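Student: All chains should be modelled from the sequences, with the hints used to inform the complete structure.
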Amino acid sequence: MPLKVRRRSAESLPAHDSGFVTGRLSSWKLTSPVIDAFVSDIRTSNLLVMCLEPGMGQGAALKVMLSDMKQHSATHIFRFSGMEADAASKRLSRFARQVEKECLAGKGVFVALDSVPAGDDVVIDREIAAISRMTGSGAIVAVSLLPEDALLAERLTDSVCVSPKNLLVSDVLDLRPSDPLYDVRTATGGIPSLVGAIIRDNGSLRSDSILFGNSYYSALEQLVNSSLRSNLLDEELLVRLSMILLGRGTFEDIASVVCVEPSDVARGLEEFAPLFGVSCRDHSFCCFGVDTIDGISACSFVLSTRASLWSSVFDSVLRVLVERGEFKRAATVARMAPSKAVASVLLEHAEDFIGVGEAGLVRRTLGPALAHSQISDDRSRCLDHVLAALGDTKFRTPGARAPQSSADGSDLGGANQADALLVGCRAVLAGEAVPTSAPDIAWVAGIAVHLQAVQLLRDGRIRAAQGLAGSHALSCTEGTLPAALLHLDLGIASALLGDDQTSVDGSISRAQDFLAQEGYAAIRDEASLLLAFDAILHGSCDLASMDALVRESERTGNELVRVAALMTGAAAEYMMGDFRSAGLRSAIAASAAARAGFSHLEAEAGILCKAATGPGLGIGAVPPDWEDACDTEELSAVARLVHAALAGDDLSPDIRLTLGDAPIPSDEVWLLKVLTSGQGDIQERVRKLIPHAWTAALAPIAFVQRAPQVIRTSEAGGGNKGDGDARGVAPGARLRLSLLGGFSLQVDGETVPEWRLDRRCAKAMLVFVALHPNLLARRYEIIDQVWPDCDYKAGLDRIYQATSALRRVIAEVTPDLDPFLSYREDKSVSFDPALFACDFEEFADAAKEALTCEGDDARSLDAALRAERLYVGDLFVPSRDFTGYVVARRQELRELYADSMVAGAEAAFRLGRYRISARLADSATDVDDLREDAVEVLIRALRASGRMFEAEQRYKKYAVHFVDRTHMPPSKRLRKAMGEGGRGEGDKQHRQNDGEPMAS
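Every letter in the sequence shown is one number past the one before it in our numbering, and letter 94, counting from 1, is 94.
Everything labelled a hint here was simulated from the structure, so no lab data went into it.
Every value quoted in this text rests on a predicted model; they were computed, and no experiment measured them.
We put the beta carbon where it would ideally sit given N, CA and C, even for glycine.
Take the hints with a grain of salt, since some may be wrong.
Restricting the straight-line Cα-Cα distance to at most 20 Å, the calculated cross-link-like pairs of lysine to aspartate or glutamate (EDC-like) are [unchecked claim]:
1) Lys-827 - Asp-547
2) Lys-165 - Asp-86
3) Lys-793 - Glu-634
Label pairs and their in silico Cβ distance ranges [said to hold, decoys possible]:
4) Ser-300 - Ser-475: 25 to 33 Å
5) Ser-226 - Arg-335: 18 to 26 Å
6) Gln-71 - Ser-218: 43 to 51 Å
7) Val-872 - Thr-477: 45 to 53 Å
8) Leu-309 - Gln-746: 58 to 66 Å
9) Met-83 - Glu-271: 21 to 29 Å
10) Arg-580 - Ile-441: 35 to 43 Å
11) Gln-746 - Gly-467: 25 to 33 Å
12) Ile-441 - Val-872: 52 to 60 Å
13) Ser-26 - Arg-94: 40 to 48 Å
14) Ser-475 - Asp-378: 27 to 35 Å
Tutor: Here's what the structure looks like:
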């Protein structure tokens, strides 16, 4: 199961505390006060009984009791899981006699009995007699049972009874909705196994966000599996399965699924099974963790194994979910139990499932259903047409209008209003004028608004498009196609208007995730276009990605995207001063826009082409009527500015007066910013002609330029020329990346807040690329590492997004600094080595030098000491390390650290610096406590420095561990080292070299 990260905004967490989550989680106590009281001297009985569902922490509680009792008692633990009741009772009787003998011998005895099964009355009587015999002889006994064995628990009188509520984690139950960690309560309900899994997921991180990772989802899957154990009664099993599949609901929902009254079963679940979150007072339930899509997906394998036995339950649950409108969850259930009934429901509501990102599921269901005559030919052709429009990049129809040429879809049998608008999502990107009427279905109305917004953007009415998309985007349900498309529309409009998009970054990222799913490949180009706009208007550029977008949109027939991408590339080249390329690209854009009938885009491209070719450097063919082609007054004002700038004249008084009194042309802000940005003569002329009232809103784009490369050289003069490590500090290393012992990035000495790099997975990509040789990684490698669920095209968009986010964060500190090396046809991401200094590289260089300086002990020791200072902790591992590359590099560096410490310890020993030798060798054993060469030099150094007792203790500790793990004695060489006596010669004269005081 891929890692899932749920984040709260940074404002809700304490400032400047990157370890807030880890600190809170580690402070939680998972053991119950009842358990603590039982193992103390204040217990009221020698018998503790826990009648609990699996996963409630009874296993951990028994371990805690064993650990505490071991100090003053003999301890025994017996696990009866999977054992027949009769066999368990006989074994328990035999063991009771042994415990009685130990107690009569005066020993203190503690016994833990885990998962004791109860059988018939004879078996129960035998088990009670055995347990009573143990407690009667003075033994302390703790017993755990399943709820179905409650009869045994009831007959064990005079015991301390532990209920499920006693073991729930109180720190979690005390969380309130305003608490940043409230998600932990909704995901666990305080169940110890789930809370412990979250603590493990976040234990090694210092983050201000909660990570729900593999440990949590594995624990949830195990809990669900044990909750559906086969020894339950069929009626209870059906109710439990229905609750888990539905996630939440009422007792009426359960009754409609299983056709039984669930109240009796629900009372038992409320008492013994917190996972189901049952409230008999409200006649409702809410299964913790499983009520989310991620949770039920993690348990899909366990649940699918029940589908063959209870297929009718899955079919009924699917119908209930569809009636509720929970189509995403319904799709997850449908995958677990495919059947003809499931296929009928899927195809009946195919448009609704497509609207929640399940186009791939509908596509896979359509073919078999048609073969089994479960769907009419007209309906099949209609759905095939919709699916092809959204997901097939080769899809073409005359005008791409087949179903949408009429609002009711009468042109194609089986088509409806939703089908028409879904196909329109593709047609509008191709530049078609798609009619939109007021739909009757709520989510389909969002699609209609999207089509209107795109056409407004095409016609240059940016402010109107922003208002339209913004007013409807918030009302759309997250995780649906309308929400994804409207947030992209809003993002594009906001980028063109120069508005801050920080508050909508999360929504845009979720929209890109949605379109990265199977079945939406043909309409992803809008997401790529947004990335291009956003990057250009924030001063960064990747022409290779823009060229790829032009080619991709040409292949898919999305002509509107192609023209916009051409103009974006032309704008980038214009701002960089490449007027020749900008003129050619903008001329191509103007020609393409004219053929497609995009009059406003044609006029904008013409203005940009004229500005680029005006200085005589461009080669584009400027449209002769480029000024007359302007279809709005705002665009005409921009054209007049460019005309005056090219003519070298000032604006006429009447035009200047008119522009000065007019409001800033908001729909053309992006074009004005482009025209005034850069270092060329034409940009300077346009800037001088801008009316003073406009200047505040038209700050030129601080376009990132390549920082000059600085060659790394050794210091001249003062350095030690004979020192082989005199590589010098790079004067051009303006970025300091530290990954040993935690994450830190400094730009020109200023630390970048870590949470800023969490956006767009920029930190995960930065770490991955930085760990590669020459700071270069192939794009497909990055996609596999950070976004394995994305295809290559969607992955390229994510890379572009992450690089833009990283550039932006760095530019906020140093505007002229670009950390990347990139070329137009390059298929990799590369950082500029001249700008970067990395602590792990410095450590590796020092460690390797310590290993290679044979015959030069002083130099080897010096290098080992530098490696010791640099290695302040293990390599930082980001939350996204799906290929395991960073973990593997961390292990490599750990082993290199141990090797260098041993080499330094041996060199220090030969130099007579025994205390330093012992310290370095001890550091190596911290990495690998069974490393014999490290233990050998440690013992020799301890003995040579007179620490005989410590040497003996370290040898015994090593020998015990070595024998336990290998079942063999330590080597003769190590035993010989332990047997050597005497202090090394010259120890006294070298003690001062180690910084030790001389003995008086």
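Student: Each hint needs a verdict: does it hold in this structure or not?
Tutor: Hints, verified against the model:
1. A C-alpha spacing of about 13 Å is found between Lys-827 and Asp-547, which places the hinted pair at or below 20 Å, so the restraint holds.
2. In summary, the hint linking Lys-165 to Asp-86 is not supported, as the alpha carbons are separated by about 31 Å, beyond the 20 Å threshold.
3. Distance restraint check for Lys-793 and Glu-634: the Cα-Cα separation of roughly 36 Å exceeds the 20 Å cut-off, and the hinted pair is therefore not satisfied.
4. The beta-carbon spacing between Ser-300 and Ser-475, approximately 31 Å, falls within the hinted interval of 25 to 33 Å.
5. Range check, Ser-226 to Arg-335: Cβ separation about 23 Å, and the 18 to 26 Å hint holds.
6. Checked against the hint of 43 to 51 Å, the pair Gln-71 and Ser-218 fails, with Cβ atoms roughly 33 Å apart.
7. For the pair Val-872 and Thr-477, the beta carbons lie near 47 Å from each other, so the given range of 45 to 53 Å is met.
8. Taking the beta carbon of each, Leu-309 and Gln-746 are about 60 Å apart, inside 58 to 66 Å as hinted.
9. For the pair Met-83 and Glu-271, the supplied restraint of 21 to 29 Å holds, since their beta-carbon distance comes to about 26 Å.
10. Evaluation of the 35 to 43 Å hint for Arg-580 and Ile-441 yields a failure: the beta carbon distance comes to about 52 Å.
11. Checked against the given bound of 25 to 33 Å, the beta carbons of Gln-746 and Gly-467, roughly 42 Å apart, lie outside it.
12. Between Ile-441 and Val-872 the C-beta distance comes to about 59 Å, which sits within the given range of 52 to 60 Å.
13. As the Cβ distance of Ser-26 to Arg-94 is approximately 43 Å, the hint placing it in 40 to 48 Å holds.
14. One distance hint, 27 to 35 Å for the beta-carbon pair Ser-475 and Asp-378, holds here, with the actual separation near 33 Å.
The structure fails to meet hints 2, 3, 6, 10 and 11 from the earlier list, while all remaining hints are met.
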